[in-house]
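J.: Here the sequence shown stands for residues 159 to 440, where the numbers follow my numbering.
Hints are not guaranteed to be accurate.
Result set (SDA-like, lysine to any residue): computed pairs, CA atoms no more than 25 Å apart in a straight line [to be verified]: (1) Lys236 - Arg299; (2) Lys203 - Asp431; (3) Lys325 - Gln312; (4) Lys325 - Ser393.
Hints in this document: simulated from the structure, not taken from any laboratory.
As the structure is a computational prediction, the values presented were derived from the model and not from experiment.
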Amino acid sequence: MQGIDPNLLRLDVERWLGEDVGFGDVTTRLTIDSELVGRAELIFKQAGVVAGLPAAAEVFRAVDSRLEFKELYPDGSKVVVGSVVATVSGHLSSVLTAERLALNLIQRLSGIATKTAEFVKKTEGTKAKILDTRKTTPGLRYLEKYAVRVGGGQNHRFGLFDGVLIKDNHIAAAGGVVNAVTRARAAAPHTLVIEVEVNTMAELDQALSCGAGAILLDNMTTSQMTEAVLRIAGSVPVEASGNMSLDRVGEVAACGVDLISVGALTHSSPALDVSLDISIVN
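Can you build the whole structure from these sequences, using the hints too?
T.: Given below as structure tokens:
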């Protein structure tokens with residue numbers, strides 16, 4: 159599994175610490191002896207899939223390179239309530255300054271990984287793969303897509319630059335499915351698959367007739383998806399999308415689609431409850 163870009167993460171952590179710490183952690187400075195040494199445990203208060211520990215480790219390192227961060231359950235681990243997933247040892251003033259940002263990242267990314275794993279489990283026994291979308295938090299896309307991978311899902315295109323996806327508004331502006339696909343095929347690099355979003359069987363037939371390389375079935379009923387998969391007959395990959403829920407995704411996967419994209423993975427997954435508890439070393 160591809161990890162987190164360390165150079166990008168380092169720059170972002172520096173910026174995020176600037177936002178949170180600013181000119182200094184005044185509460186910690188006024189209340190904690192700067193030489194006080196201790197140990198902190200990162201504890202999951204909910205069961206779930208661990209994600210974001212490398213990001214948290216970078217936060218602690220950036221605040222104080224002398225801190226020792228130890229992973230006990232690496233990203234991708236499924237843990238129960240009360241699991242201590244990592245420890246941090248060193249000057250407690252540094253630990254407390256880094257605490258909130260580190261927890262924010264673990265909570266957010268673990269929530270996404272956990273929700274992704276739930277969707278993946280619902281599609282077991284089918285060929286369907288769970289994908290994310292571009293419905294991500296600005297500035298956090300690479301981390302949120304990483305969390306999807308940790309949870310067992312796969313990434314759709316990262317941005318507008320690495321995939322052709324002709325959607326309804328492109329079709330409307332281009333004057334129809336055929337016009338949009340024909341123009342894209344004439345100019346697109348041969349390495350880019352041209353995927354077309356369709357809402358009706360008529361649009362599906364048009365997309366297939368003009369050489370679409372993949373089909374996205376958008377907001378179709380289960381019966382419509384089943385019919386569409388039969389029409390496509392394995393000629394191109396088939397993706398299903400639109401208001402996917404845990405209650406419905408298994409049924410959609412059983413239609414025979416290859417891919418199911420779920421925007422909720424990154425825009426609606428609840429953060430997991432994770433805490434940091436300290437103890438003083440005598």
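J.: Take the hints in turn and mark each one as holding or not.
T.: Now the hints, each set against the structure:
1. Lys236 - Arg299: holds, 23 Å
2. Lys203 - Asp431: holds, 5 Å
3. Lys325 - Gln312: holds, 21 Å
4. Lys325 - Ser393: holds, 20 Å
Of the numbered hints given earlier, the model fails none.
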